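K.L.:
Each chain, letter by letter, is given below.
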Amino acid sequence: MITLKDVSYRYHSGTEALAHVNISVPEGIHLLLGENGAGKTTLLHIIAGLLFPTEGTCEVDGEKTRHRNPSVLSKVFLLADNFTFPQPTVRMFAKYHSVFYPNFDESLFYENLNAFGLSGNEPFKALSLGNKRKSLLAYSLALGTEVLLLDEPVNGLDLNSKQILRRMIAGSMTDSRTIIVSTHTVSDLETLFDGVIMLRRSEMILAASTSDIQKKLTFKKSTVPPVDAIFYTQAAGAFHSIVPADADNESDVDFVLLYFAMQGQQSKNVLNLINNQEP
Amino acid sequence: MTCMTNTDNFSFARVMAYGNIYSPWIKRQLVFTPLISLAVVMINIMLGFYSFGLPFIGLVSFIPAFMVYFGALVFAVGTDPAIETMLPVKWSEKALFVTVYALVVIPLCVNLPQLIVEVVVRPAGGELFDSNIYINTRNMTFGSFNTCLSYVQQLVPASVCLATIMSLTSKRIVMPVVWTIVSLVALSIFGAICGILGVFKYGIGKIETLAESQSANPTVFINALMSEMQPYMMILMGVCVIAIAVFVWLTCRSIKTRQL
Amino acid sequence: MEFKQDRPIYRQIVDYCFVCILSGEWLEGERVRSVREMSIDMSVNTHTVLKAYDYLQAHGIIEVRRGMGYYLCLDARTKVNMTRKEEFFSSSAPDLFRQMNLLGISEEDLIKAYREFQNTKQA
Numbered sequence: 001m002i003t004l005k006d007v008s009y010r011y012h013s014g015t016e017a018l019a020h021v022n023i024s025v026p027e028g029i030h031l032l033l034g035e036n037g038a039g040k041t042t043l044l045h046i047i048a049g050l051l052f053p054t055e056g057t058c059e060v061d062g063e064k065t066r067h068r069n070p071s072v073l074s075k076v077f078l079l080a081d082n083f084t085f086p087q088p089t090v091r092m093f094a095k096y097h098s099v100f101y102p103n104f105d106e107s108l109f110y111e112n113l114n115a116f117g118l119s120g121n122e123p124f125k126a127l128s129l130g131n132k133r134k135s136l137l138a139y140s141l142a143l144g145t146e147v148l149l150l151d152e153p154v155n156g157l158d159l160n161s162k163q164i165l166r167r168m169i170a171g172s173m174t175d176s177r178t179i180i181v182s183t184h185t186v187s188d189l190e191t192l193f194d195g196v197i198m199l200r201r202s203e204m205i206l207a208a209s210t211s212d213i214q215k216k217l218t219f220k221k222s223t224v225p226p227v228d229a230i231f232y233t234q235a236a237g238a239f240h241s242i243v244p245a246d247a248d249n250e251s252d253v254d255f256v257l258l259y260f261a262m263q264g265q266q267s268k269n270v271l272n273l274i275n276n277q278e279p
Numbered sequence: 001m002t003c004m005t006n007t008d009n010f011s012f013a014r015v016m017a018y019g020n021i022y023s024p025w026i027k028r029q030l031v032f033t034p035l036i037s038l039a040v041v042m043i044n045i046m047l048g049f050y051s052f053g054l055p056f057i058g059l060v061s062f063i064p065a066f067m068v069y070f071g072a073l074v075f076a077v078g079t080d081p082a083i084e085t086m087l088p089v090k091w092s093e094k095a096l097f098v099t100v101y102a103l104v105v106i107p108l109c110v111n112l113p114q115l116i117v118e119v120v121v122r123p124a125g126g127e128l129f130d131s132n133i134y135i136n137t138r139n140m141t142f143g144s145f146n147t148c149l150s151y152v153q154q155l156v157p158a159s160v161c162l163a164t165i166m167s168l169t170s171k172r173i174v175m176p177v178v179w180t181i182v183s184l185v186a187l188s189i190f191g192a193i194c195g196i197l198g199v200f201k202y203g204i205g206k207i208e209t210l211a212e213s214q215s216a217n218p219t220v221f222i223n224a225l226m227s228e229m230q231p232y233m234m235i236l237m238g239v240c241v242i243a244i245a246v247f248v249w250l251t252c253r254s255i256k257t258r259q260l
Numbered sequence: 001m002e003f004k005q006d007r008p009i010y011r012q013i014v015d016y017c018f019v020c021i022l023s024g025e026w027l028e029g030e031r032v033r034s035v036r037e038m039s040i041d042m043s044v045n046t047h048t049v050l051k052a053y054d055y056l057q058a059h060g061i062i063e064v065r066r067g068m069g070y071y072l073c074l075d076a077r078t079k080v081n082m083t084r085k086e087e088f089f090s091s092s093a094p095d096l097f098r099q100m101n102l103l104g105i106s107e108e109d110l111i112k113a114y115r116e117f118q119n120t121k122q123a
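Protein chains in written order, with our numbering: chain A, 1 to 279; chain B, 1 to 260; chain C, 1 to 123.
Don't read these hints as lab results, they were simulated from the structure. Do not take every clue at face value.
PhoX-like mimics (lysine-lysine), calculated; alpha carbons at most 25 Å apart, straight line [what the hints assert, rightly or not]: (1) C/Lys51 <-> A/Lys220; (2) B/Lys256 <-> A/Lys5; (3) C/Lys51 <-> A/Lys215; (4) C/Lys51 <-> A/Lys221; (5) C/Lys112 <-> C/Lys79.
Output of the computed footprint for chain A on chain C, the stretches with three or more beta carbons under 8 Å from beta carbons of chain A [as the list claims (entries may be wrong)]: (6) 25-32; (7) 46-56; (8) 70-80.
From chain A, some residues computed to sit far from chain B (all C-beta separations above 12 Å) [unchecked claim]: (9) Thr3; (10) Glu63; (11) His97; (12) Glu122; (13) Ser128.
This one's a predicted model, so the numbers in the text were calculated from it and none came from an experiment. Beta carbons are placed, not taken as given, at the ideal position from N, Cα and C, and that holds for glycine.
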């Protein structure tokens, strides 16, 4: 469980990257959505212990990440851009790096590499960006940390690899794991998300589980304008709308539509519906 | 590989595992540094047999010095500061490793082979080395305050290099090299000023007298001059020690509070 | 598995299970894939699979054996057919009827068309 209490982060220049964020992120796969500059990277860095909150506390399993204690850091890993390491191959990197992470599953690492069509013995520097990504994803998903933060994991992956990654992420989930995926391309991993966290202009505007959203909202696609929609957009002759849920018509969550709904004046209505305790 | 403990207590096993992160470069450095240093010593001894060899000895001696100054660069080659910061290792363990490695281990690897000259080669060689300029100059200063000073002086740029690498999150090779060279220049200037002040304090006239009277025995002359300059050398030593302490403190602070 | 946009994913998983059951790929009385295994195969989150399995459980198609997992009920095939019929009459049929009302198609037109369809099929 990741808990942020009133977390703010301000740069030296005074700009606020995060403002009074309060969330508890339970186990599961969560989508982190927000426009560029909304504070997603800052949030991930704070959870990983790379940044210290200017105000408030960030805890993983009750321990503050800013103290950078080994007991906390061994539970968290952030994979953002492809990173470099002094070893020639990713397998050799794994040999020295994984000793610090008690739940590293070596056979899963090789399985993941295999699924991506890699051996792990390729000279890392010579690999294409996509293959570097795959190697590092294969490793990160086998590291076994309770918290895994992925920043734009799908970047640079071909269609086939995206499918493989979807399956790999689903396969790496356990009851005690939290994976947060920050991405703009929601559709690639949409079926996996147990919850969503939305940031807008350094503030958190929504944090809810997929099942809660499904109970309160229905996402419809129709050729005629919807009558009771809280929010709708129109694209290519079709209307995508959000209506209050009715028990017979549960739909999957359209995170992108929900995100747009949370940008405008209707966001209050949407929020009220989600947070409303009545079934 | 056995897994590291994840307790929050200090762990030497973790210190060593942290060092392993820098393989294979760190292992290569540990092997090649003493080898290169030894090679330089051999070359210097060879050169020392010839009177024209002296300037060349000075040239070649850059190499061991640079190996000490830039020893900490192994922590910047190909590494990612974010991955390093996220490692489940206590900041004190990281700081202990990098400081001891860059300021004790590497200087030892560089200077030990050269100490062999004084301790082993000279007595073993006997008369063979009587006319060897290199061995004789080394012998003159061995064990004196000034050798200590030269070892300590080496550590100043080395600690600057270390501190810069640990505090930067980008350009972790270019900027440390620049700052190390700057510190080297600053140190040389400061050392030169100390030397000049020492000479002037003592009085140039006195030096001329001393030189004339001791011209038959250069060793004694140099030693006498050195002992007169002692106070200024003490100042230089003090400044060096303080500088090293400051940069080690900066290193520790950077490791503990680095944000990126 | 690639999912369509027009139907909730959990229903598409249910449909997939129906196909497995009716084709005989899943044997009655045998263990079916666990929620976790299914979620990996389908690349969806476990809640979605759980919903699908809840639906199948509610219609008596699979049952939970404590400590052992999900098992296909002995009369699963009949139940699947029953469920599909129920679904037809609760969603597909009303759509058809609505269209009929809209276009002014009568009961007799429908029966006539159905009989013609059956004849062409037999021939």
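K.L.:
Now, for every hint given, state plainly whether the structure supports it.
P.N.:
Hints, verified against the model:
Pair hint lysine 51 of chain C plus lysine 220 of chain A holds up; C-alpha atoms about 19 Å apart against a cutoff of 25 Å. Annotation: proposed proximity of lysine 256 of chain B to lysine 5 of chain A holds, straight-line Cα distance about 23 Å (limit 25 Å). Among the hinted pairs, lysine 51 of chain C with lysine 215 of chain A is consistent with the structure: their alpha-carbon atoms are about 12 Å apart, no more than 25 Å. Of the supplied pair hints, the one linking lysine 51 of chain C and lysine 221 of chain A holds, its CA atoms being roughly 22 Å apart against a limit of 25 Å.
Among the hinted pairs, lysine 112 of chain C with lysine 79 of chain C is inconsistent with the structure: their alpha-carbon atoms are about 30 Å apart, more than 25 Å. Interface restraint, the region 25-32 of chain C with chain A: violated (0 residues with C-beta to C-beta distance below 8 Å; minimum three). Check result for the region 46-56 of chain C against chain A: holds, 3 residues qualifying (beta carbon to beta carbon below 8 Å, three or more required). Counting residues of the region 70-80 of chain C whose CB lies closer than 8 Å to any CB of chain A gives 0, so the stated coverage by that chain is violated, three being the minimum.
No Cβ of chain B approaches the Cβ of threonine 3 of chain A within 12 Å, the least distance being about 19 Å, so the stated non-interface status holds. Its closest Cβ contact with chain B, about 9 Å, brings glutamate 63 of chain A to no more than 12 Å, contrary to its assignment away from the interface. Listed as outside the interface, histidine 97 of chain A is inconsistent with that label: its C-beta sits roughly 7 Å from the nearest C-beta of chain B, within the 12 Å cut-off. Every Cβ of chain B is farther than 12 Å from the Cβ of glutamate 122 of chain A; the closest lies at roughly 16 Å, confirming the non-interface assignment.
For serine 128 of chain A, the shortest C-beta to C-beta distance to chain B comes to about 18 Å, beyond the 12 Å cut-off, and the non-interface label holds.
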